[in-house]
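Full structure from sequences and hints, please.
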Amino acid sequence: MKKLILASALSLCSINAFAEVAVIVNAGNANALDADTIKKIYLGKAKSFGDGTKVNPVNQDGTAAADEFNDKVVGKSGSQLNAYWSKLVFTGKGTPPEKLGSDQAVIDFVAANADAIGYVDSAKVSDNVKVVATF
1 MKKLILASAL
11 SLCSINAFAE
21 VAVIVNAGNA
31 NALDADTIKK
41 IYLGKAKSFG
51 DGTKVNPVNQ
61 DGTAAADEFN
71 DKVVGKSGSQ
81 LNAYWSKLVF
91 TGKGTPPEKL
101 GSDQAVIDFV
111 AANADAIGYV
121 DSAKVSDNVK
131 VVATF
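The working numbering numbers the first residue of the sequence shown as 1 and each following residue consecutively.
Incorrect hints may appear among the rest.
[Claimed, not checked] No more than 35 angstroms apart at the CA atoms, straight line, and that leaves these computed lysine-lysine pairs for DSBU-like:
no., residue 1, residue 2
1, Lys-130, Lys-40
2, Lys-99, Lys-76
3, Lys-124, Lys-39
4, Lys-72, Lys-40
5, Lys-93, Lys-47
6, Lys-99, Lys-54
7, Lys-130, Lys-47
8, Lys-99, Lys-40
9, Lys-72, Lys-87
10, Lys-130, Lys-39
11, Lys-130, Lys-76
12, Lys-87, Lys-39
13, Lys-54, Lys-124
14, Lys-124, Lys-93
15, Lys-45, Lys-99
16, Lys-40, Lys-93
17, Lys-130, Lys-87
18, Lys-130, Lys-72
19, Lys-54, Lys-40
20, Lys-93, Lys-130
21, Lys-72, Lys-124
22, Lys-99, Lys-87
23, Lys-54, Lys-39
24, Lys-124, Lys-87
25, Lys-76, Lys-54
26, Lys-124, Lys-40
27, Lys-99, Lys-39
[To be verified] Beta-carbon label-pair distances, calculated as ranges:
no., residue 1, residue 2, range
28, Lys-124, Thr-91, 29 to 37 angstroms
29, Val-131, Phe-90, 30 to 38 angstroms
30, Lys-76, Lys-47, 18 to 26 angstroms
31, Asn-128, Thr-53, 15 to 23 angstroms
32, Phe-90, Glu-20, 31 to 39 angstroms
Calculated from the structure, these hints are not laboratory results. It should be emphasised that the depicted structure is a prediction, and the values quoted were computed from it without experimental measurement. The beta-carbon is built from N, C-alpha and C at its ideal position, and this holds for glycine as well.
In structure tokens, the structure reads:
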């Protein structure tokens, strides 16, 4: 019985251990984005912001933020998303977002590129970028 209670307590703790994911854009970007638009950008179905500016999305690879973003926003696991993009690349219908290895790399990229969008652990957001959504 003690093991069951401990296992239940640990599973609850692990659910709460995931931080919020913040979707970020360059600080000079004035576009508003909703969850559906963000999903379309990351699935290659939207190629520009609302004002017509080309969008340059960046992904993370193998991070907790990537797992949370894929689950909460895109609705696919990392392996499902890789399979999705592999099919589009193979058929010549798309190119996946560039993958960066950390929250800081995403923040630096987005801060340096006016057309960029990315996502990071919300606790890591800096003043160099603007948060447009949290999940």
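So, going through the hints one by one against the coordinates:
no.: 1; hint: Lys-130 with Lys-40; in the structure: holds (20 angstroms)
no.: 2; hint: Lys-99 with Lys-76; in the structure: holds (16 angstroms)
no.: 3; hint: Lys-124 with Lys-39; in the structure: holds (22 angstroms)
no.: 4; hint: Lys-72 with Lys-40; in the structure: holds (13 angstroms)
no.: 5; hint: Lys-93 with Lys-47; in the structure: holds (13 angstroms)
no.: 6; hint: Lys-99 with Lys-54; in the structure: holds (18 angstroms)
no.: 7; hint: Lys-130 with Lys-47; in the structure: holds (20 angstroms)
no.: 8; hint: Lys-99 with Lys-40; in the structure: holds (17 angstroms)
no.: 9; hint: Lys-72 with Lys-87; in the structure: holds (22 angstroms)
no.: 10; hint: Lys-130 with Lys-39; in the structure: holds (18 angstroms)
no.: 11; hint: Lys-130 with Lys-76; in the structure: holds (25 angstroms)
no.: 12; hint: Lys-87 with Lys-39; in the structure: holds (18 angstroms)
no.: 13; hint: Lys-54 with Lys-124; in the structure: holds (26 angstroms)
no.: 14; hint: Lys-124 with Lys-93; in the structure: holds (34 angstroms)
no.: 15; hint: Lys-45 with Lys-99; in the structure: holds (18 angstroms)
no.: 16; hint: Lys-40 with Lys-93; in the structure: holds (14 angstroms)
no.: 17; hint: Lys-130 with Lys-87; in the structure: holds (32 angstroms)
no.: 18; hint: Lys-130 with Lys-72; in the structure: holds (20 angstroms)
no.: 19; hint: Lys-54 with Lys-40; in the structure: holds (13 angstroms)
no.: 20; hint: Lys-93 with Lys-130; in the structure: holds (30 angstroms)
no.: 21; hint: Lys-72 with Lys-124; in the structure: holds (18 angstroms)
no.: 22; hint: Lys-99 with Lys-87; in the structure: holds (17 angstroms)
no.: 23; hint: Lys-54 with Lys-39; in the structure: holds (16 angstroms)
no.: 24; hint: Lys-124 with Lys-87; in the structure: holds (33 angstroms)
no.: 25; hint: Lys-76 with Lys-54; in the structure: holds (24 angstroms)
no.: 26; hint: Lys-124 with Lys-40; in the structure: holds (24 angstroms)
no.: 27; hint: Lys-99 with Lys-39; in the structure: holds (16 angstroms)
no.: 28; hint: Lys-124 with Thr-91: 29 to 37 angstroms; in the structure: holds (36 angstroms)
no.: 29; hint: Val-131 with Phe-90: 30 to 38 angstroms; in the structure: holds (35 angstroms)
no.: 30; hint: Lys-76 with Lys-47: 18 to 26 angstroms; in the structure: holds (19 angstroms)
no.: 31; hint: Asn-128 with Thr-53: 15 to 23 angstroms; in the structure: holds (19 angstroms)
no.: 32; hint: Phe-90 with Glu-20: 31 to 39 angstroms; in the structure: holds (34 angstroms)
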